[in-house]
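Below are the chains, spelled out letter by letter.
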Amino acid sequence: MPVETHEERGETASLLGEKQPLRCSLLCEAVAPDFHQVWNLMETRSWEPLPLSDATLRSHDSWTCSPLVPEYRLWDPVHMFLTPVVPHWPFYNLDTMFVRGLKRKCFDGEEDIEGTLAGIKAIPSYNLQRQSLLDMSLVKLQLCHMLVEPNLCRSVLIANTVRQIQEEMTQDGTWQMINTQSTGQASVDRLVSTDILCRSSREQAEGKHVPGYSTFSKDFEGDQAQDSSETMSTASSVQAPRNLPSNVWEMENPQENKGNFQKSLDQIFETLENKTPNSVEDLFSEVDNSYYDLDTMLTGMMSNTKMGHCDGLESFSSPTTTTSSSNCKSDLNELDHIVEILVES
Amino acid sequence: MLLLPCEADIISTVEFNHTGELLATGDKGGRVVIFQREQESKNQPHRRGEYNVYSTFQSHEPEFDYLKSLEIEEKINKIRWLPQQNAAYFLLSTNDKTVKLWKVSERDKRPEGYNLKDEDGRLRDPSMITTLRVPVLRPMDLMVEATPRRVFANAHTYHINSISVNSDYETYMSADDLRINLWNFEITNQSFNIVDIKPANMEELTEVITAAEFHPHHCNTFVYSSSKGTIRLCDMRTSALCDRHAKFFEEPEDPSNRSFFSEIISSISDVKFSHSGRYIMTRDYLTVKVWDLNMENRPIETYQVHDYLRSKLCSLYENDCIFDKFECVWNGSDSVIMTGSYNNFFRMFDRNTKRDVTLEASRENSKPRAILKPRKVCVGGKRRKDEISVDSLDFSKKILHTAWHPSENIIAVAATNNLYIFQDKVN
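Chains as they are written, first to last, in full-length UniProt numbering: chain U, 1 to 345; chain P, 1 to 427.
Source of the hints: derived by calculation from the structure; they are not laboratory data.
Just so you know, not all the hints are guaranteed correct.
[Stated by the list, open to error] From chain P, some residues computed to sit far from chain U (all C-beta separations above 12 Å):
1) Leu70
2) Lys97
3) Asn154
4) Asn161
5) Asp177
6) Asp196
7) Ser239
8) Leu241
9) Glu251
10) Arg278
11) Leu293
12) Ile322
13) Phe323
14) Lys325
[What the hints assert, rightly or not] Covered by chain U, according to a simulated footprint, are these stretches of chain P (three or more residues, beta-carbon under 8 Å):
15) 201-215
16) 257-263
17) 312-319
Computed from a predicted model, the values in this text were never measured in an experiment.
For each residue, glycine too, the CB sits at the ideal point set by N, CA and C.
Extracted from the complex, chain P is given alone in its bound form (with noise of 0.2 Å):
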């Protein structure tokens, strides 16, 4: 698809790696930025903690399906890190049918004094060769190389939404909006079907899968969610095909609140474990819930996102904003939860004080060395000073990709093609 520069810019992931000290985004055009977190340095304390661009590649082109006369969007639908076991860097990212496992290698080093060659690369003549050495290896300005080391292909027929790594750190799973598949990093030609809700007769499909997981600890155990706002649970040891559930989490429907669009808005667009693995945490239009796997009938937690959004759901509907599909994140310690909304605002629930804030990412609204301040929207009736009403929010500009550093309170914020980051300074 032709992007316009500024189109292919936005931000369609972020994603922080298992130490924090990297944070991954990729954009509508195909590319992966990787920015760094500076070292604490004496020299410089104040530049702690800031992230600079590490690597830049481009990690899936637009392709062209010659069969449905349809293209394959270069998009990158999401990133997932690997756990650092080496010197380099691993991550996977996908678009809509290919998943890549990328290598982020440094070199600072390069071999010089060959003997065949000289430093230009081109070939000596044998005949003025009088001596033999051996090549050194000298430092050189740090290069930071991408290379893709497996490609993942040909395995969906149906649009990837999630991609996730397994505690086992061998396998993987992607999922699309029928298909579950399993994956071994090793092995790209072959991938095993774990959930297939495809109907047989595709005229009765009536739900799709939005985003699957697995557990942070129990290699066997993973999640997925549904359009119809319910999540399941499976085991991959009861049975190779995973149809059947082991848990399935739903919480009825209130009567009161029926409306044309409440199936829509109860569309699960997100779901991720908490780190100690005990809770999941959905994300449906309105609201944010936290399950305790323990109990499937309804969650322990549930929290307003931007209610007020409630009595516009028909204009919502009418300019397919009901169908955006937010993200949500938990911090390191799972006390807070964030996700965000529309305005460039974005929203953290503290689970414990039940306290939450609206803030908003936007160049204008944060001034140097101030500490970002709460928004609030107002509902009706009289507007304060500061309040922004409903029918002024700019629903262009959402925010859908948020990320939370694994044990600091830095967070990454992604508003269409800028990126913020954000840390809690405490004095």
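Isolated chain U, as found in the complex (with noise of 0.2 Å):
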């Protein structure tokens, strides 16, 4: 390990003593950027294309990565499908429209909340920009870390967040809205139920169904093998009157066979104590993963077909076109090196 020593002979570093006069203060106060200086920003902003089948897909620009964003690029598939909005647009830059004060300018879909932007391009509305970053959570807790235990911490904040973010999205109405429209019912139990990310077994127990987007993870990402502890099957709770819970963070599927088991076995028997025999059949069938569709999790708009009862959906075809490169690359190693310590080569 290479260390530079710096000292007398070498360079110093004059500390805060008395001969040392301080050139900079304080930092002051983070400003938001100017609309001009965002509007640069977005357009500099945005990812590669991946190479996507689906031909209803926009096409996009060729694109740069933004200096914020490391390397090794997180395939994003949440803008793929982000529902409607304003083409072309990248990954939007949320940071502008999260800052204080901006937060609730704009409601529902509406374009355009700064007149000097018009002519230009909107900014997404403010639900919009939620909406990505309930996508960006979600997607972030089912990228699971290859072999290794993914970090605890991370997810408990990642799932607090989007809980938060459907909290709110409850109390706007907005949950509810995008119910109504897709089901045709604005029932406060479908609301409570068709909670995007809950899907406890208890709710399951009790013939509620919610889908979770945990599951959907693995067929995502089209490799069995590939296991997310980081799955939580996230739930989140979402405030309403009869609210159930929360989150999942262990697998549901007992018959997942990489790297949860453990764990699945270890929430079954959790939820087991609470449970009568009679859902205990239930919790185990609730075990197809391919429950869900990508689109239905990722736009919220449930269809009844889709929120049917385990009854096995046609099976979720896992777009593995839309995995990246280096997801790819990682699944070969992780096997090649699985394989390695199995023979302990």
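Assemble the dimeric complex from its two separately framed chains, guided by the hints.
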């Protein structure tokens, strides 16, 4: 490990002794950039287009990566599926919108919040950005960290963020609105149970079906061997009157062969304690993880067919083509490595 | 985990021992490198204070948990020194699951003149031995050897984030995401669980333990911080399981600054007692706070480390930088605190004069014999000549680990796989 030793014959650091005049003062408060600057940032921030097979996806111009984004690119299915809005828009620069004061300026799909931007490009509405953040969070939760157990702290923080967003969306009525559109029903029941994020076994046991994002992850990544205990089948706790759980931090599928087997067992054991024999059956009947269509989950549009009982939905075809090359590579590396360890080479 | 050679070199912890004579670093490859300060010598006055490699050893190896089909990283999360009680040095090093006690000792003599074997170690033919002699110790080249004396394993389900040696020098604690265990140095097959925040139903988990430390003088007192920005001080005398805190430190949230990232940036990444034992310092994503143990409702001092990042939180969330765990340190007299930032910058705050400085740890910018130039980040508008704009910051160059000599103004700064040691030369 290279070591730099700076001292009297080399470099010296002058610390805070009197002889060293401090030339810099405390950093000033962060200032929200003006909109022109925002726009510039947005323009340069974008993702490389992924090899997508879906022809309906809009085409993207050539993209560059913002300096804030590291070299390895998180493949980002989110913006592919983001509902309507501003075409050509890369991943929204949400930073500017989440600055205080701007939070509540726009509502519900209204396009432009500032007159100054008229004629340039519309800034996505707050709701859209919030949705975008939600999607990003969910993707983060599902991206597993290969062979190593993921960071629990990080997962907890992301899940809390997701929950917070969802609570707000519920309070806004946005949640209900989405559900109403899709299902035609506007019942509180539905509100609670159609909580995108929630998939607690308790709810399953009671016959409510709440799609879980977590479960889609494995399929999504198209690799059953690749598991994440970062599978938090994240459930957000929607604060509704009959509100039910909460987070399922372990895999729900006891048949998960890799990685989370132990955790699944743990979870099952935990929930079993509170359960009646009937619910156990229900619990185990919820085995099909290809439950949810990617579209469904990301856009939050639930259709009745998808919301059914676990009757083993039409198998979800994992968009393997969307897997980024880095994912593929790491998959191979993982497998190689596992084999290596197993044969103790 | 297969690590590329450069990745294995990434320094993951830095710690001076109690006298400052030794500096230990742990890296992602599971190795520990110990540096020793050169003694003052009249022959070479300029070499005083230089740290040279003293010992290197492989502390932890990668493991595979077959039950979960998951790897256990060999990365050294923390190193803590024990106070020196004899000629040997002892330190604790830990990865995600296992804590080890290492003994580092010097050998500068070896016995010569055995009867039954010759100098090469080969056995001599007994019939050829006609005289007996007493082996004598002869000087040899100094050899520093590290031996594992204790292995404390299988006590943590979750990843260990902190270890802390108690002031009684007989016990220490290890903290993971949900539990804290108390160990006796002599006993490896048993540990006491003193904090357990695992909910009965894991679905209700919303908070984890992020750091823990014993009080420097009171062997019954320790603190632990959480991902929700709270610190709990516990007294082990009250009960065996310290689930109920004696003190609870939390700053009320500023409603005007609230965003979706508020909770994440309030998560405390490091907590350190002052040497006096009167204050604790906490580091969250954007600030360093100093708390008086006697006041729980708010910190007595708050220092902005890199507030210009507040408007970039979404991007930092996107690239996971927002989850970086920065550490913070006190100087020997508790008058200055230091912490790291991005772009290989690190910051120091003088608590008395309220002045602060930003410095950079890089080879390019450090000229020989030159004082480290303070750096400044410009946040918008016109950028002055030497300033760097926020968008030009390199977020892959982060200084997470720093250490301060216990009595002198010598600091060690780990910048990815480079270790910088700076000294304040008072003229």
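Right, here's what the structure says about each hint:
no. : hint    : verdict
1   : Leu70   : violated (5 Å)
2   : Lys97   : violated (10 Å)
3   : Asn154  : holds (15 Å)
4   : Asn161  : violated (8 Å)
5   : Asp177  : violated (4 Å)
6   : Asp196  : holds (15 Å)
7   : Ser239  : holds (25 Å)
8   : Leu241  : holds (20 Å)
9   : Glu251  : holds (18 Å)
10  : Arg278  : holds (21 Å)
11  : Leu293  : holds (25 Å)
12  : Ile322  : violated (9 Å)
13  : Phe323  : violated (5 Å)
14  : Lys325  : violated (8 Å)
15  : 201-215 : holds (count 9)
16  : 257-263 : holds (count 6)
17  : 312-319 : holds (count 8)
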